[in-house]
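Please take these sequences and the hints and turn them into a complete structure.
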Amino acid sequence: DVKVTQSSRYLVKRTGEKVFLECVQDMDHENMFWYRQDPGLGLRLIYFSYDVKMKEKGDIPEGYSVSREKKERFSLILESASTNQTSMYLCASSPGAGAGYTFGSGTRLTVV
Amino acid sequence: GENVEQHPSTLSVQEGDSAVIKCTYSDSASNYFPWYKQELGKRPQLIIDIRSNVGEKKDQRIAVTLNKTAKHFSLHITETQPEDSAVYFCAARDPSLGTASKLTFGTGTRLQVTL
Numbered sequence: 004d005v006k007v008t009q010s011s012r013y014l015v016k017r018t019g020e021k022v023f024l025e026c027v028q029d030m031d032h033e034n035m036f037w038y039r040q041d042p043g044l045g046l047r048l049i050y051f052s053y054d055v056k057m058k059e060k061g062d063i064p065e066g067y068s069v070s071r072e073k074k075e076r077f078s079l080i081l082e083s084a085s086t087n088q089t090s091m092y093l094c095a096s097s098p099g100a101g102a103g104y105t106f107g108s109g110t111r112l113t114v115v
Numbered sequence: 009g010e011n012v013e014q015h016p017s018t019l020s021v022q023e024g025d026s027a028v029i030k031c032t033y034s035d036s037a038s039n040y041f042p043w044y045k046q047e048l049g050k051r052p053q054l055i056i057d058i059r060s061n062v063g064e065k066k067d068q069r070i071a072v073t074l075n076k077t078a079k080h081f082s083l084h085i086t087e088t089q090p091e092d093s094a095v096y097f098c099a100a101r102d103p104s105l106g107t108a109s110k111l112t113f114g115t116g117t118r119l120q121v122t123l
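Residue numbers (the numbering used here), protein chains in the order written: chain S, 4 to 115; chain G, 9 to 123.
Simulated from the structure, these hints should not be mistaken for lab results.
Check each hint, because a few of them may be wrong.
[As the list claims (entries may be wrong)] No farther apart than 27 Å at their CA atoms in a straight line, the calculated lysine-lysine pairs in the BS3-like style are these: (1) G:K79 x S:K60; (2) S:K56 x S:K6; (3) G:K79 x S:K74; (4) G:K65 x G:K79; (5) S:K6 x S:K74; (6) G:K50 x S:K16; (7) G:K76 x S:K6.
Below, the structure written as structure tokens:
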């Protein structure tokens, strides 16, 4: 069974902390994505990567950065966490054009 | 970039009735339209998808229709059951990135099937 694994299910961090969210897929997919999910706003794309060491900004990249040093791992970094970054973060991967995503279980991040 | 609008935001139907969720997209070059179901506390999961060279696709009780001229697509669920209760998201593939498969999602529809 294909898997996308997010390292943490729940996280509580303090304002100003640097936060790392990790995502690993075992399907040899080229494309990986980070979305945040907020009530009434749906899924909004933060960053994505279509190859190792490649990254592209999504619709809401401000306050975030990413790292993809290996094909299977895509990390989301909150450089200085703020309370408005409290959200559910979903990682996804896809083999390429015309293919759906496989999502991870999500990380619910609370910034206090 | 692509913009996807989804309606309604909430939908309540009685068990056994049909449910229809509608989405519109902005970029006429979009060519792939998946639908995801997210049960409470779980990850979104792909339930059906359609490509732009097809007008309709069915899988048991669910079907998706695509009208490229009007730039809208719809999810149809027949004979609804309580386990169909979930949030449903439509999406459209942004074609501007070549082989990359970036999806733009609608804002979701919360479907509740009542007994």
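These are the hints, each one checked on the structure:
no.	hint	verdict
1	G:K79 x S:K60	26 Å, holds
2	S:K56 x S:K6	21 Å, holds
3	G:K79 x S:K74	35 Å, violated
4	G:K65 x G:K79	17 Å, holds
5	S:K6 x S:K74	14 Å, holds
6	G:K50 x S:K16	22 Å, holds
7	G:K76 x S:K6	33 Å, violated
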